[in-house]
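Start from the sequences, fold in the hints, and give me the full structure.
There are 2 protein chains.
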Amino acid sequence: MIRHTVAFRLKHPSGSAMEQDFLRAACELAKIEGVRKFECLRQTSRKNPFTFGLSMEFADEAAYAFYSEHPEHTAFVKERWIPEVEEFMELDYVAHAP
Amino acid sequence: MIRHTVAFRLKHPSGSAMEQDFLRAACELAKIEGVRKFECLRQTSRKNPFTFGLSMEFADEAAYAFYSEHPEHTAFVKERWIPEVEEFMELDYVAHAP
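Chains as they are written, first to last, in numbering that gives the first Met the number 0: chain H, 0 to 97; chain E, 0 to 97.
Think of the hints as simulated: they come from the structure by calculation, not from any bench. There may be inaccurate statements among the hints.
As the list claims (entries may be wrong) - The calculated lysine-lysine pairs, modelled on DSS-like cross-linking and capped at a C-alpha distance of 30 Å, are:
id, chain 1, residue 1, chain 2, residue 2
1, E, Lys36, H, Lys30
2, H, Lys10, H, Lys36
3, E, Lys46, H, Lys46
4, H, Lys36, E, Lys36
5, E, Lys36, H, Lys46
6, H, Lys36, E, Lys30
7, E, Lys30, H, Lys77
So this is what it looks like as structure tokens:
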């Protein structure tokens, strides 16, 4: 299992229709084959600059790559993410037993 | 539900006994009352400087505060986290329906 997450802050005003429209478009990514446990999240800690997050899981690297390269994902990145996101950080996790 | 996460990088060499000892000590935090779905994670994206992560969930702000103020947590922060962690970022999430 690979958990892909991204914390981000939009250029849009908080609570705006543009913010809501962006988040709804992001949620459409959940429909791409292989995406599991998709979550739209609000980031609430004041210890970082981000206000939202997305989290999803993939069974393996192949499923992650299928998503990353999927035309619906690449179009979303080009048409929505790059123009509308002010700042972001990607974090990917796998289970670790120390 | 509040998901509390922290991504971090240790001062210890990768694969060292000190690294393993730190992670095992961190996992003891799972025993504090109110901590749910505790996960020890390896961070795998090259798009950030972190190598590990911890994730846990709390039912509400009261449970989160109980954890934050718990003597076992504050002792861990003072005796292990501050001396042994090079860099970290906390991210807290709640579900958001756009």
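* Numbered hints the structure breaks, given as an ascending list -> 7
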